[in-house]
Amino acid sequence: MTRNHFELFDLASSYALDAEQLEHSYKELQSLVHPDRYAQAADAERRASMQWTTRVNEAYRTLKDPVQRAKHILELHGIDVAFETNTQMPPDFLMQQLETREQLEEAIQKKDAGFLDSLRGNLGGKRKLLETQIGESIDARKDYAAAANLVRKLMFMQKIEDEIDAAYEAIE
Amino acid sequence: MALLQISEPGQSPAPHEQRLAVGIDLGTTNSLVATVRSGVATVLPDAYGRPLLPSIVRYFPDGRVDVGYSAQTRQADDPRNTIVSVKRYMGRSVKDVTHIENTPYDFVDSPGMLQIRTAAGVKSPVEVSSEILKVLRERAEYSLGGNLSGAVITVPAYFDDAQRQATKDAGRLAGLNVLRLLNEPTAAAIAYGLDNAAEGTYAVYDLGGGTFDLSILKLSRGVFEVVATSGDSMLGGDDFDQRVFCWIVEQAKLAPLSPRDMRLLLVKAREAKEYLSFHSEAGITAKLSSGELVDLSLDTETFCRITHNLVQKTLGPVRKALRDAGLGADEIKGVVMVGGATRMPQIQRAVGEFFKRDPLNNLDPDKVVALGAAMQANVLAGNKPQGDDWLLLDVIPLSLGIETMGGLVEKILPRNTTIPAARGQEFTTFKDGQTGMSFHVVQGERELVSDCRSLARFELKGIPPMAAGAGRVLVTFQVDADGLLSVFAKENSSGKETSVTVKPSYGLADADIERMLRDSFEHAKEDLRARALAENRVEGQRLMEATVAAMQADDALLSAQEKAAIEEEMRNLEKTLASSDHRAIKQAAEALNRATEDFAARRMDAGIRRALAGRRIGSL
Numbered sequence: 001m002t003r004n005h006f007e008l009f010d011l012a013s014s015y016a017l018d019a020e021q022l023e024h025s026y027k028e029l030q031s032l033v034h035p036d037r038y039a040q041a042a043d044a045e046r047r048a049s050m051q052w053t054t055r056v057n058e059a060y061r062t063l064k065d066p067v068q069r070a071k072h073i074l075e076l077h078g079i080d081v082a083f084e085t086n087t088q089m090p091p092d093f094l095m096q097q098l099e100t101r102e103q104l105e106e107a108i109q110k111k112d113a114g115f116l117d118s119l120r121g122n123l124g125g126k127r128k129l130l131e132t133q134i135g136e137s138i139d140a141r142k143d144y145a146a147a148a149n150l151v152r153k154l155m156f157m158q159k160i161e162d163e164i165d166a167a168y169e170a171i172e
Numbered sequence: 001m002a003l004l005q006i007s008e009p010g011q012s013p014a015p016h017e018q019r020l021a022v023g024i025d026l027g028t029t030n031s032l033v034a035t036v037r038s039g040v041a042t043v044l045p046d047a048y049g050r051p052l053l054p055s056i057v058r059y060f061p062d063g064r065v066d067v068g069y070s071a072q073t074r075q076a077d078d079p080r081n082t083i084v085s086v087k088r089y090m091g092r093s094v095k096d097v098t099h100i101e102n103t104p105y106d107f108v109d110s111p112g113m114l115q116i117r118t119a120a121g122v123k124s125p126v127e128v129s130s131e132i133l134k135v136l137r138e139r140a141e142y143s144l145g146g147n148l149s150g151a152v153i154t155v156p157a158y159f160d161d162a163q164r165q166a167t168k169d170a171g172r173l174a175g176l177n178v179l180r181l182l183n184e185p186t187a188a189a190i191a192y193g194l195d196n197a198a199e200g201t202y203a204v205y206d207l208g209g210g211t212f213d214l215s216i217l218k219l220s221r222g223v224f225e226v227v228a229t230s231g232d233s234m235l236g237g238d239d240f241d242q243r244v245f246c247w248i249v250e251q252a253k254l255a256p257l258s259p260r261d262m263r264l265l266l267v268k269a270r271e272a273k274e275y276l277s278f279h280s281e282a283g284i285t286a287k288l289s290s291g292e293l294v295d296l297s298l299d300t301e302t303f304c305r306i307t308h309n310l311v312q313k314t315l316g317p318v319r320k321a322l323r324d325a326g327l328g329a330d331e332i333k334g335v336v337m338v339g340g341a342t343r344m345p346q347i348q349r350a351v352g353e354f355f356k357r358d359p360l361n362n363l364d365p366d367k368v369v370a371l372g373a374a375m376q377a378n379v380l381a382g383n384k385p386q387g388d389d390w391l392l393l394d395v396i397p398l399s400l401g402i403e404t405m406g407g408l409v410e411k412i413l414p415r416n417t418t419i420p421a422a423r424g425q426e427f428t429t430f431k432d433g434q435t436g437m438s439f440h441v442v443q444g445e446r447e448l449v450s451d452c453r454s455l456a457r458f459e460l461k462g463i464p465p466m467a468a469g470a471g472r473v474l475v476t477f478q479v480d481a482d483g484l485l486s487v488f489a490k491e492n493s494s495g496k497e498t499s500v501t502v503k504p505s506y507g508l509a510d511a512d513i514e515r516m517l518r519d520s521f522e523h524a525k526e527d528l529r530a531r532a533l534a535e536n537r538v539e540g541q542r543l544m545e546a547t548v549a550a551m552q553a554d555d556a557l558l559s560a561q562e563k564a565a566i567e568e569e570m571r572n573l574e575k576t577l578a579s580s581d582h583r584a585i586k587q588a589a590e591a592l593n594r595a596t597e598d599f600a601a602r603r604m605d606a607g608i609r610r611a612l613a614g615r616r617i618g619s620l
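Protein chains in written order, with our numbering: chain A, 1 to 172; chain B, 1 to 620.
Only chain A is shown next, with the shape it has when bound in the complex (with noise of 0.2 Å):
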């Protein structure tokens, strides 16, 4: 089959996603693919329902993360991401990085719950913002060179949330 995930749900390779569709195509696939409706079958149609149903689920959590569908994007446009040995960041950027860790850093010796909430919430404004213009860059002006730098933000981005995530428990 395709390796290109869009077409496996019938959506178009936008980074603009159709969430509704892509989420009707979703489930319309697992129900004919799913291995509880190969309980009873054959052990060779049941691996094969598992392959089918590993792949789509693949696909899916591909489509919904923002991350992960514009690298797939750039990935259909040939673009080789190769995120971990270019880490090369403009400055503003890393002190700003820096800036949010440290802040993280104090919010866990305070065990302050409130100031990793403002944190998360701040973060969370900024990522909005930067993936409004992943999708222009992709889908607007097709400049996926500049996409992939976005996208490296996002990323550094999305590693601190996931602290931040995990303060939470280190503070409970």
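Keep in mind the hints are simulated off the structure, nothing from the lab.
Be aware that one or more of the hints could be misleading.
Unchecked claim - Below are the DSS-like pairs computed for lysine-lysine, each with C-alpha atoms no more than 27 Å apart in a straight line: (1) B:Lys333 / A:Lys111; (2) A:Lys71 / A:Lys111; (3) A:Lys159 / A:Lys71; (4) A:Lys71 / B:Lys490; (5) A:Lys71 / A:Lys110; (6) B:Lys218 / A:Lys27; (7) B:Lys333 / A:Lys64; (8) B:Lys333 / B:Lys218; (9) A:Lys159 / B:Lys563; (10) B:Lys411 / B:Lys356; (11) B:Lys586 / B:Lys563; (12) B:Lys575 / B:Lys586; (13) A:Lys64 / A:Lys153; (14) B:Lys586 / A:Lys64; (15) A:Lys111 / A:Lys27; (16) B:Lys384 / A:Lys27; (17) B:Lys95 / A:Lys128; (18) A:Lys64 / B:Lys218; (19) B:Lys575 / A:Lys153; (20) A:Lys153 / A:Lys71; (21) B:Lys411 / A:Lys71; (22) A:Lys111 / A:Lys159; (23) B:Lys411 / B:Lys95; (24) A:Lys128 / B:Lys411; (25) A:Lys110 / A:Lys126; (26) B:Lys490 / B:Lys411; (27) A:Lys71 / A:Lys142; (28) A:Lys27 / B:Lys333; (29) B:Lys333 / B:Lys313; (30) B:Lys313 / A:Lys111; (31) A:Lys110 / B:Lys313.
As the list claims (entries may be wrong) - The following residues of chain B were derived to be distant from chain A, with all beta-carbon distances above 10 Å: (32) Cys304; (33) Gln348; (34) Thr547.
The structure displayed is predicted, hence computed values, not measured ones.
Using N, Cα and C, we set each Cβ at its ideal position, and we do this for glycine too.
Guided by the hints, dock chain B onto chain A, whose structure is given.
The following block gives chain B in isolation, referenced to the frame of chain A:
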């Protein structure tokens, strides 16, 4: 078979073809078995009309086993050989046991999972659990009048891979065909959702005897989708008993207790806890073996005070699940309460205050899990026509990863990933000429390996010598619909493929299960053989029919050569089906399954393409 239903939707088995399937709630304190009869899910009671089976197993020196109420009433007489709350030990080692000083058992530490030395020999928690399951299986077969075709067994959503594998093994050991392991809160959501035609986002708060789960689900017509799950597999009603027990010991200033007295007071503690759900004060009186008399009174206020932090402890996972789901407490439409421990008023209050709404208590918290499991078993057995059934989308509760340099964990599949799921990660060789690579598979949320549960260690050997970094090993994690993990590792950068497949090692090997089954049927070897023959024949026959139908329907997908190979295996199976050699039948069926592997995958692809094409043209 199932694939034919794609081309012929709406086909349902005729009534006489209904398969006997049950749902089993294998609980810490009590277990139940339920089934769907004439479209209605019902709990199957014992001969005395009692729906519950206390999850208590007593071993006698002559090997006799007593399960349930009779073991319960005599538990203080023989505490060392009477195993209660065995679920707490499933897939656990001795160092995992909390309050080990308060348990009367003689634990034996063994690799992977602890064991317990009893009058009837050393028993693993899997064997103890299988005794409970056997009683439930017999109860169901007696009341349904036939052999069961399959069972759904529920597990706490927060159970890790080791605990799930142990539960499945216990099912097999009890002679059950385990159709699926189903998460308890998900089972409850099915029962609640279908009963109330509920739609929207719901939370299930499930505080059982020994485990706590919190799942958030989206319910819509025909779909149950778990969005996030969290919990604590070492927190339950038992811990409240423990608090009361400690309070008794402290108040009465008791010296270290004998196992008998300990069990006696734990029973009294539990009775007081249950009494306090409906009264403001509970008397606790007991005569210890020394003749000393304990006579205390516990009021609600004190009870709430000594258990306050246990109640608070459940709210951490609640908050975590909401964060993972990206939802606020006000976005939850209702909170379904499950598990006997949710009867405690302080729990009801805390949950009500947190969600700012009254919890939903309209289903019996003891039965709802078994009823939901029965409904799912009925679907999996194929007893409901397509269109009338539902889709269940569940997740893994804990992240799965691999140890990397410096004792850190690289997460491969994050928690709350919808199952079945698979994901690969590439690792490169770090030394020139390196021919092997070892891996450590772990489960948990922390950054450090030492804070996670170790699931398996394995080594991939036979990598051709190359420069450092040139050897690439792809490690793939696959989690199936039961939430069970398999790991594959493959080196193929050199063009020469080397691969290894591992199942985490605490599970029992098929050979172990067979040996244990043989032992337990020692007095009825013929019985066992007859049962295996009957089962394998039915399976073999079913496979034959399915293959014939598939060949007729999709003949075009096969080359002449492939067709000949399949027909050859069909003839083989046909020949063995006429014999009475159950092993030969099984082997022939397996061979036919292997021969049809590609064919099945192709048919599935074709079936889905047809279905999708039909829909998309239809929707234009």
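Q. Does the structure keep B:Lys333 and B:Lys313 at a Cα separation of 27 Å or less?
A. holds (23 Å)
Q) Is the straight-line distance between the alpha-carbon of A:Lys153 and that of A:Lys71 27 Å or less? A) The given pair, whose Cα atoms are some 12 Å apart, holds under the 27 Å limit.
(Q) Checking one constraint from the list: CA of B:Lys218 to CA of A:Lys27, max 27 Å. Satisfied? (A) Holds, at about 13 Å.
Q. Is the straight-line distance between the alpha-carbon of A:Lys159 and that of A:Lys71 27 Å or less?
A. Holds: A:Lys159 and A:Lys71 sit about 16 Å apart, inside 27 Å.
Q: Quick one: work out the minimum CB distance from B:Gln348 to chain A and report holds if it exceeds 10 Å, violated otherwise.
A: Given a closest Cβ separation of 22 Å, the condition holds.
Q: Quickly compare the C-alpha distance for B:Lys333 and B:Lys218 to 27 Å and report which way the hint goes.
A: Judged against 27 Å, a Cα distance of about 10 Å means the pair holds.
Q) Is A:Lys111 close enough to A:Lys159, meaning Cα to Cα at most 27 Å? A) This hinted pair holds, its Cα atoms lying about 20 Å apart.
Q | B:Lys313 paired with A:Lys111 [C-alpha distance capped at 27 Å] | A | holds (17 Å)
Q. Would the pair A:Lys110 and B:Lys313 pass a check requiring their Cα atoms to be no farther apart than 27 Å?
A. holds (20 Å)
Q: Would you check the hint for B:Lys333 and A:Lys64, treating anything up to 27 Å between C-alpha atoms as holding?
A: holds (23 Å)
Q | 10 Å cut-off, C-beta based - B:Cys304 kept clear of every residue in chain A | A | Given that every Cβ of chain A is farther than 10 Å from that of B:Cys304, nearest at about 21 Å, it holds.
Q | Pair hint A:Lys27 and B:Lys333, alpha-carbon separation not exceeding 27 Å | A | Cα-Cα ~22 Å, so holds.
Checked against the numbered hints above, the structure breaks hints 1, 2, 5, 9, 10, 14, 15, 17, 19 and 34 and satisfies the rest.
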